[in-house]
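If you read the sequences in order, they're chains A and B.
Residue numbers for the first sequence follow the numbering used here, so the first one is 1 and each next one is one higher.
Residue numbers for the second sequence follow the numbering used here, so the first one is 1 and each next one is one higher.
Don't take every hint at face value.
Only pairs whose alpha carbons sit at most 16 angstroms apart, straight line, appear in this in silico EDC-like list of lysine to aspartate or glutamate [stated by the list, open to error]:
| no. | chain 1 | residue 1 | chain 2 | residue 2 |
| --- | --- | --- | --- | --- |
| 1 | B | Lys-35 | B | Glu-165 |
| 2 | A | Lys-40 | B | Asp-138 |
| 3 | A | Lys-40 | B | Asp-100 |
| 4 | A | Lys-40 | B | Asp-93 |
| 5 | B | Lys-35 | A | Asp-60 |
| 6 | B | Lys-73 | A | Asp-2 |
A few chain B residues that face chain A, going by a derived Cβ cut-off under 10 angstroms, partial list only [to be verified]:
| no. | residue |
| --- | --- |
| 7 | Val-36 |
| 8 | Gln-70 |
| 9 | Val-86 |
Simulated from the structure, these hints should not be mistaken for lab results.
Only a predicted model underlies this, so the values are computations on that prediction, with no experimental measurement involved.
Built from N, CA and C at the ideal position, the CB exists for glycine as well.
Listed below, chain by chain, are the residues.
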Amino acid sequence: MDLRFALENETVADVGYQPPATVQKDETIQSTVARMRREKYGCILILEGEKFCGIFTERDFLNRVLGKENLNDRPISDVMTSKPTIAIEDIYIHEALNLLHKNGIRHLPLIDDQHRPVGTISVKRAVNFLADYHPTTVYNLPPEPETIPAARDGG
Amino acid sequence: MNCPYCNHWNIPGADTCENCRQDLAELDHPQASSKVEASMMESTLAKLNLKPTCIVTPDTKVGEVVAILQERKFGCALVGDVSNIVGIFSERDVLIRLADRYEESINLPISEFMTLNPEMLDINTPIAYALNRMSIGDFRHLPITKNGQLEGIISLRAMLSFLSEWYPDLIKSKMEPA
Numbered sequence: 001m002d003l004r005f006a007l008e009n010e011t012v013a014d015v016g017y018q019p020p021a022t023v024q025k026d027e028t029i030q031s032t033v034a035r036m037r038r039e040k041y042g043c044i045l046i047l048e049g050e051k052f053c054g055i056f057t058e059r060d061f062l063n064r065v066l067g068k069e070n071l072n073d074r075p076i077s078d079v080m081t082s083k084p085t086i087a088i089e090d091i092y093i094h095e096a097l098n099l100l101h102k103n104g105i106r107h108l109p110l111i112d113d114q115h116r117p118v119g120t121i122s123v124k125r126a127v128n129f130l131a132d133y134h135p136t137t138v139y140n141l142p143p144e145p146e147t148i149p150a151a152r153d154g155g
Numbered sequence: 001m002n003c004p005y006c007n008h009w010n011i012p013g014a015d016t017c018e019n020c021r022q023d024l025a026e027l028d029h030p031q032a033s034s035k036v037e038a039s040m041m042e043s044t045l046a047k048l049n050l051k052p053t054c055i056v057t058p059d060t061k062v063g064e065v066v067a068i069l070q071e072r073k074f075g076c077a078l079v080g081d082v083s084n085i086v087g088i089f090s091e092r093d094v095l096i097r098l099a100d101r102y103e104e105s106i107n108l109p110i111s112e113f114m115t116l117n118p119e120m121l122d123i124n125t126p127i128a129y130a131l132n133r134m135s136i137g138d139f140r141h142l143p144i145t146k147n148g149q150l151e152g153i154i155s156l157r158a159m160l161s162f163l164s165e166w167y168p169d170l171i172k173s174k175m176e177p178a
């Protein structure tokens, strides 16, 4: 299938996205960070009850938590980004790429019609998706194409 | 695969046709099937938006490196010197390797926490190859060298940006109003 066709007609739900990692907003910063480390999450979605209310990423950890005093027992909602860019899960791929690209964000949280988080789409997933549409070119290319001899003996 | 000259079936990857001895090696070369692919194979990394980055020496203290990342909003720091990069230290390393022991590590050298010998590519490498490495190798940043000297880094975002230029009607650039 043509990449343009896929961008225009497939939704993020069609290509698959990561299930969300979530914590409640009153969870402490310390335990949230411990969980991110343990499970190797680059970002975690913050819930208020069942509803999505914010996001906390590696970058937020570096810039808002690391080296600051007395933050460990504070709730994660103190350092999360509230009201980040979000999208519904049946958004088209080109719309999702648009949001990632235009807003310069690395993760796009996806929510359902009840405002519950259903997953995230990352720049990494987006780039993999684009790469998968050029399988021959992308995966079969040697680092220096000119080193492939044009003739069998290289002459 | 069938020989295009005599239609004899050969095992995939055969150099010559078993039947007519014609050269089949050429068939294995990746061929671009669209303008985007052609551009990815022909354009080199020089066409991408290389980001400046910071280089610190291996004995720089962890606390100093973290301060640089925080102040200059970099996602990673390279360790070594311009012609010899020995490691990389990224936001991910901050979370995974530093989060639970930052206070006691603040005066330790960054070399104890960095990822050793990051993969680097020359600036004359085709974009398609870099995309492959980032996609398969799970790299978020790829340091780029020119004549053996560090020139900058490319990020996944630069790659997304390059690919989206081919679909300007679908994926708008950051510069245009929404």
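Would the hint linking Lys-35 (chain B) and Asp-60 (chain A) be met if the CA-CA limit is 16 angstroms?
With Cα atoms ~39 angstroms apart, Lys-35 (chain B) and Asp-60 (chain A) exceed 16 angstroms; violated.
Regarding the pair Lys-40 (chain A) and Asp-93 (chain B), is the alpha-carbon distance no greater than 16 angstroms?
holds (11 angstroms)
Check the hint pairing Lys-35 (chain B) with Glu-165 (chain B) against an upper bound of 16 angstroms on the C-alpha distance.
OK: Lys-35 (chain B) and Glu-165 (chain B) at ~12 angstroms, within 16 angstroms.
With a cut-off of 10 angstroms, does the beta carbon of Val-86 (chain B) approach a beta carbon of chain A closely enough for the hint to hold?
With a closest approach of 22 angstroms, the Val-86 (chain B) hint is violated.
Are Gln-70 (chain B) and chain A close enough, Cβ to Cβ, to be under 10 angstroms, as the hint says?
holds (6 angstroms)
Agreement of Lys-40 (chain A) and Asp-100 (chain B) with the hint, judged by alpha carbon distance not exceeding 16 angstroms:
holds (14 angstroms)
Does Val-36 (chain B) meet its interface restraint, that is, does its C-beta lie within less than 10 angstroms of any C-beta in chain A?
holds (7 angstroms)
For the pair supplied as a hint, Lys-73 (chain B) and Asp-2 (chain A), is the alpha-carbon distance within the 16 angstroms limit?
violated (37 angstroms)
Lys-40 (chain A) and Asp-138 (chain B): Cα distance at most 16 angstroms?
holds (13 angstroms)
Checked against the numbered hints given earlier, this structure breaks hints 5, 6 and 9; the rest are met.
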